[in-house]
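Enquirer: Top line first, the protein sequences correspond to chains A and B.
Position 246 (the first sequence) corresponds to 1744 in the numbering used here; numbering is contiguous.
Position 177 (the second sequence) corresponds to 648 in the numbering used here; numbering is contiguous.
None of these hints come from the bench; they were simulated from the model.
A quick note: this is a predicted structure, and the numbers were derived from the prediction, not measured.
Do not rely on the hints blindly, as some may be mistaken.
What the hints assert, rightly or not - When the alpha-carbon atoms are kept at most 30 Å apart in a straight line, the in silico DSBU-like pairs for lysine-lysine are as follows: (1) A:Lys1624 to A:Lys1533; (2) A:Lys1568 to A:Lys1823; (3) A:Lys1764 to B:Lys596; (4) B:Lys596 to A:Lys1911; (5) A:Lys1871 to B:Lys596; (6) A:Lys1568 to A:Lys1589; (7) A:Lys1699 to A:Lys1790; (8) A:Lys1536 to A:Lys1640; (9) A:Lys1699 to A:Lys1884.
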Amino acid sequence: MAKLGRRTFAKRAGAATMAAALPLPAVAPAIAQDKPVKIGLLTVKTGPLAQGGLQMEQGINLFLKHRSGKLAGRKAELVVGDTGGNPAGTKTKAQELIERDRVDFIVGPLAAFELLAISDYVAQQKCPILSLAAAEDMTQRKPNPYFVRASATSAQSMHPLADYAAKELKLKSVITVTEDFAFGYEQMGGFQRVFEDSGGKVLKKLWPPIVTPDYTPYLAQLSGVDAVVSGFAGSNPLKFMKQYKDQGLALPIVAGSVAMDDALLKSFGDEALGAISCSAYTADLDTPSNKKFVEGMAADYGNVPGIYAAGLYLNGMVAEAALEKTGGKTDDKEAFIAAMRGVSLTDTPRGPFHFDHFGNVVGNFYIRRCERKAGKLVNTTIKTYKDVSQFWTYDEKWFLAQPVYSRDYPPLKS
Amino acid sequence: MNLWLLAANSIAFGGLLFLLSAGFALIFGLMRIPNLTHGSLFMLGAYFGVSLIAWGVGFWPAALAGGLGVAVIGGLIERLLLRRLPGAELAQVLVTLGLSFMIADLCLMHWGGDPISIETPSQLKGASRVAGVAFPTYRLGVIVIAVVCAAALWLMLERTRLGAMIRAGVDDPVMARAVGIRVPLLFTVVFCLGSGLAGFAGVIGGPILSVYPGLDQDMLPLALVVVILGGSGSLVGAFVGSFVVGLLYNFGQALVPELAYVVLFLPMLVVLVVRPAGLFGRSSP
């Protein structure tokens, strides 16, 4: 199929040269726009991260289908690179996409360690990149001028979650538990800061290794608090919640966005009931574009979409809006990225949002409770935090002067 | 922190590890094949179980059928591939490693990337109180299954003709062949048995671990540690090794979480240096 595409392209290019030979210079821009917009997708289709990676591909494919394969009047072409879920693979694929396929911008990759492996490279190449990777400093202390993030930073959903936990759930003390890696540290750092500023106490922070077949040693430490904060990702939430229930534990669970992702709900059983979570995307949001998106995902893939599919759909919308502003042009990279960061949308699957001057999203975050409706588990939105910035309610300068959230920061107060 | 809970769980987790690694120990001990597809066979069994249960088969029959299915696949792997590479350890490592990647991708294609949980069988749902500690009933069941399997395997090895042939093959394959034991057939039987055990363990582990891409790579190192600690080819070694690893794993992660992997792998290094044959293994001739 790719071959066919290239051949038709060659034909068109031939036609373009002939047309250019005619004394009609005015048609030249129109012909330039006949060239498709090339979107490079960096995703993971193999290995343990494939679950999120495949959903990302579904999200962008559905978006292009909804637009009949055209963005701002230009034909759109998707080139997919499978990173294999490792930094070296990501670098190789990013180079292929940029230098061989000459993509106009990249959507993806999924994980922070993949993004960090190519961040400098894409900046050198001036290739705009719209990623779901949540690493805080990409839009904070070490910003990349070509980066746009329409989903959330690691802590962006944890700030409102902590606010809700302290003020509405009236929780006084919690233990946090999540994987022993940067995404986990940043999530729980954000939770801790806001929770403590609202008068709550974090008694313990537990960090099981990413690969932990059995959580019992950690479950044995969960007691003497009002609730447990879970920040697991990938397939770990499933294992954790099941073992939690099997252990007979009954403390309420408050969870980060991917720990209770809508796409995971079909895998959960009753153990997930009652869990409170916060996410940038919620499948039950009542906007026209979200309805269309959710229905499309159900029809084409039989899936309830979560943040991965929604994130890519959103990235598509951002790119489309930017192309409309530049009149379909992508040659001037500076203008293109400026247009992207200037995008402000009202009807999207995650509600209205715009970007701050670092290219990070300012948008709604949804507090949901997991319930069973008509036999199926769903996350029902119970509160919306509007226009949440990555700095929460803190002063940006003060926020950036603090160290980035880490395993030991903020430290536990004991 | 509840030490009794950790102790009880160490035993339950050790039981699951035994089901996983008994087959690995037999295969490695008898055939000297470092079978790196073992984790994949575990995962494949779990996925078979998922499909069978989705078709309405009960949990226990699904576990047996999952084990049987994987045993057949194991037999095919041995007959079609490994048989052609006798004694070529590097080639065996590469072939089994490559196979494990292929199986992982095929599973991803067929079952998708979403984690799937296997429902705990209804008889064993919930928690029981053991010595005043709430403990998942299903895990008690896993301990029983592991002990029954261990006893059955031990009887098979020590009391049957097949067992005697396997022991002879482990101790001295050349001599075994010379006295008329059909060692190649024995190899296939043992490979089927080891694979089947792994597949069975996959379904049994399902309600605890759930099934997801990457499960294979999560379990393989644990099987390796068990067998290196316990000694290859020794059932007793695999049994004791499993519980030692279960204890190290649970107490290590609870008491010194920063050093969880050090606690798990350091004993393996020490055993390798001090007693390369493992705690219960006989040094090869």
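Enquirer: What hint numbers does the structure not satisfy?
Expert: Violated hints: 4 and 7; rest satisfied.
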